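> The residues making up each chain are set out below.
Number of protein chains: 2
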Amino acid sequence: MFTPRAIGYVSSPYKTTSEIPKGLNTRHDAEGVLRILRDFELGLTDIEGFSHLFVIWEFDRSPDFALLGSPPFEERPHGVFATRSPRRPNPIGLTVVELLRRQNADLYVKGVDMLDGTPILDIKPYMSSVPMEKLRRGWLAEAEARKALEER
Amino acid sequence: MFTPRAIGYVSSPYKTTSEIPKGLNTRHDAEGVLRILRDFELGLTDIEGFSHLFVIWEFDRSPDFALLGSPPFEERPHGVFATRSPRRPNPIGLTVVELLRRQNADLYVKGVDMLDGTPILDIKPYMSSVPMEKLRRGWLAEAEARKALEER
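Taken in sequence, the protein lines are chains G and A.
Numbered according to our numbering, the first sequence spans residues 1 to 152.
Numbered according to our numbering, the second sequence spans residues 1 to 152.
Only chain G is shown next, with the shape it has when bound in the complex (with noise of 0.2 angstroms):
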């Protein structure tokens, strides 16, 4: 299989993973930078007229992997595959990003959920969406309704 190697490193707010906020309903507005190298410049070319970017990236700070577990405020575990969790066989992290402005090799963006100096593998534009209307979104949709039954 291929050695995967680092395209750039995100700036984020984040130092460790207790400040990244985590739970149900959990808003990601944090901005922060895709700083690419200069050697991977010239694959930016276009990706400025995208709103929004897949940024595929590499769990650095992880331990090793769990297949089941809880997420933060889910007493029930959960298969890895069927969370976001970062103990996962292969480290690879996934988030959707808003691209706000390019300046040269750097990516100035909104939503940003990973740790600062995490490697960047990837960056994909994102072209659709699969309307809401058609998601099921199993454990999360019932861990919602349970917290907004107790809140009420």
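Hint data in this document are derived by calculation from the structure and do not stem from the laboratory.
It cannot be assumed that every hint is accurate.
Identical copies look the same in the list; a pair holds intra-copy or inter-copy alike.
Claimed, not checked - Here are the computed lysine to aspartate or glutamate pairs in the EDC-like style, where the Cα-Cα straight-line distance is at most 20 angstroms: (1) K134 - E98; (2) K110 - E133; (3) K15 - D116; (4) K22 - D60; (5) K15 - D46.
Note that the structure is a prediction, hence the values are computed from the model and not measured.
Mind docking chain A on chain G? Use the hints.
Chain A in isolation, oriented as in the chain G frame:
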């Protein structure tokens, strides 16, 4: 950096890249199976509650990367990070599929655009969408508009 490992393999109707539908307005309706290795089956717990999944996989039959390239039916070259080109610095693919049903460690899905036998790196639940009215889609929207004009 980490060493990638396959958590499973895609069963797809596509044996060669020429069979994969490409170009503007292509719809990926093909059905396939994500055959997860037994060692990782526990990680699928509760995944059947989600209607859609992100599949992260390896372009295992792709040549070396090219920072600029022309997508199918588009004359102008774009940066690799503004396209879904397989020729990426890290040969990582991302596909959104609809989960039809699960049978043990096999996920029957709709929307595959990978080759048969493609190694799967990760699966994540699709939890939310960017509303279509908030998306700007750069060169892709321009190419679609040109095509619509040509077809009038």
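> Which hints, by number, does the structure contradict?
Of the numbered hints, just 5 does not hold.
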